[in-house]
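J.: Sequence:
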Amino acid sequence: MAESFEAWWSSLGNITKFCLITAVLCSMGFTMQIVPPQLLLIDFEAMVWQLQIWRPITATFFLGKFSFAWLMGVAMLVMTVKRHEDNDFVGRKGDLAWMMVLISAALHLIAWLMGMKLVSFAFLMALTWVWCKRNPDAQLSIYMFAFKAIYYPWFFMVFHMLMGMSIVDDIVGIVGGHLFLFLADILPRTHNIHLVKTPAFVTNAFGNMGAPSWQRGHLPREAQQQGRHQWGGGGRALGAN
1 MAESFEAWWS SLGNITKFCL ITAVLCSMGF TMQIVPPQLL LIDFEAMVWQ
51 LQIWRPITAT FFLGKFSFAW LMGVAMLVMT VKRHEDNDFV GRKGDLAWMM
101 VLISAALHLI AWLMGMKLVS FAFLMALTWV WCKRNPDAQL SIYMFAFKAI
151 YYPWFFMVFH MLMGMSIVDD IVGIVGGHLF LFLADILPRT HNIHLVKTPA
201 FVTNAFGNMG APSWQRGHLP REAQQQGRHQ WGGGGRALGA N
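210 is the number that my numbering gives to position 210 of the sequence shown; each next residue is one higher, with no gaps.
FYI, nobody ran anything at the bench for these hints, they're computed from the structure. Possibly wrong hints are sitting among the right ones.
Here are the simulated BS3-like cross-link-like pairs (lysine-lysine), alpha carbons at most 30 Å apart as the crow flies [claimed, not checked]:
(1) Lys-65 - Lys-197
(2) Lys-17 - Lys-65
(3) Lys-17 - Lys-133
(4) Lys-65 - Lys-82
(5) Lys-197 - Lys-17
(6) Lys-82 - Lys-133
(7) Lys-117 - Lys-17
(8) Lys-82 - Lys-17
(9) Lys-197 - Lys-133
(10) Lys-148 - Lys-133
(11) Lys-117 - Lys-82
(12) Lys-65 - Lys-117
(13) Lys-117 - Lys-133
(14) Lys-197 - Lys-117
(15) Lys-82 - Lys-148
(16) Lys-82 - Lys-197
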């Protein structure tokens, strides 16, 4: 029996719901011409001097106008965030929210250096990279191809190349995701340095339970195995220059 929308919605965590709602609202405003697209993009001068503080959020979650490619992108965003929230960050929503803030900030820094106006697709790849590196033996599939999660980001990048899409966002996302992993997983383990420790006000706001990531390390292998995952491809056409 097909799952009802109410049951599916109830299965989503609060952070996953926030990402989905934000992505839908951004694209709705753009598609229905309610919000000028310029207000959704990165503009550091407007952020600083005009206090347009929403831009980092919209630039992180705006996936273009409503289309099949948009639907695939949103589906991947929901699946990726849900896997983080349901598996690696169980009881630690504050750590997940902080990770997403840090990754978005790193991508905005790269965007400033490269003149990028959006980081949403790079953000999606960064979240995917983190999850795949922390769950390397999980089984994923794209259409008829099945493989371990450790190879998924590279396979997805090749898929974009074959579809004639730019892989700049993929590369930027991998850089941002790997930078977070270096600071969150490698430095604490090798040098006992915790540069990205979640602030207390964030953990208090989300009611974290359980040991934080820099003390827990990776989940046990048996907890990482979540069965076979089905991931579809996604496009990145915005429908407007």
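J.: The structure should be examined with respect to each hint, and the outcome stated for every one.
T.: Consistency of the hints with the structure:
{"no.": "1", "hint": "Lys-65 - Lys-197", "verdict": "36 Å, violated"}
{"no.": "2", "hint": "Lys-17 - Lys-65", "verdict": "19 Å, holds"}
{"no.": "3", "hint": "Lys-17 - Lys-133", "verdict": "24 Å, holds"}
{"no.": "4", "hint": "Lys-65 - Lys-82", "verdict": "23 Å, holds"}
{"no.": "5", "hint": "Lys-197 - Lys-17", "verdict": "24 Å, holds"}
{"no.": "6", "hint": "Lys-82 - Lys-133", "verdict": "16 Å, holds"}
{"no.": "7", "hint": "Lys-117 - Lys-17", "verdict": "25 Å, holds"}
{"no.": "8", "hint": "Lys-82 - Lys-17", "verdict": "9 Å, holds"}
{"no.": "9", "hint": "Lys-197 - Lys-133", "verdict": "19 Å, holds"}
{"no.": "10", "hint": "Lys-148 - Lys-133", "verdict": "11 Å, holds"}
{"no.": "11", "hint": "Lys-117 - Lys-82", "verdict": "26 Å, holds"}
{"no.": "12", "hint": "Lys-65 - Lys-117", "verdict": "16 Å, holds"}
{"no.": "13", "hint": "Lys-117 - Lys-133", "verdict": "27 Å, holds"}
{"no.": "14", "hint": "Lys-197 - Lys-117", "verdict": "29 Å, holds"}
{"no.": "15", "hint": "Lys-82 - Lys-148", "verdict": "19 Å, holds"}
{"no.": "16", "hint": "Lys-82 - Lys-197", "verdict": "22 Å, holds"}
The earlier numbered hint that this structure contradicts is number 1, and it is the only one.
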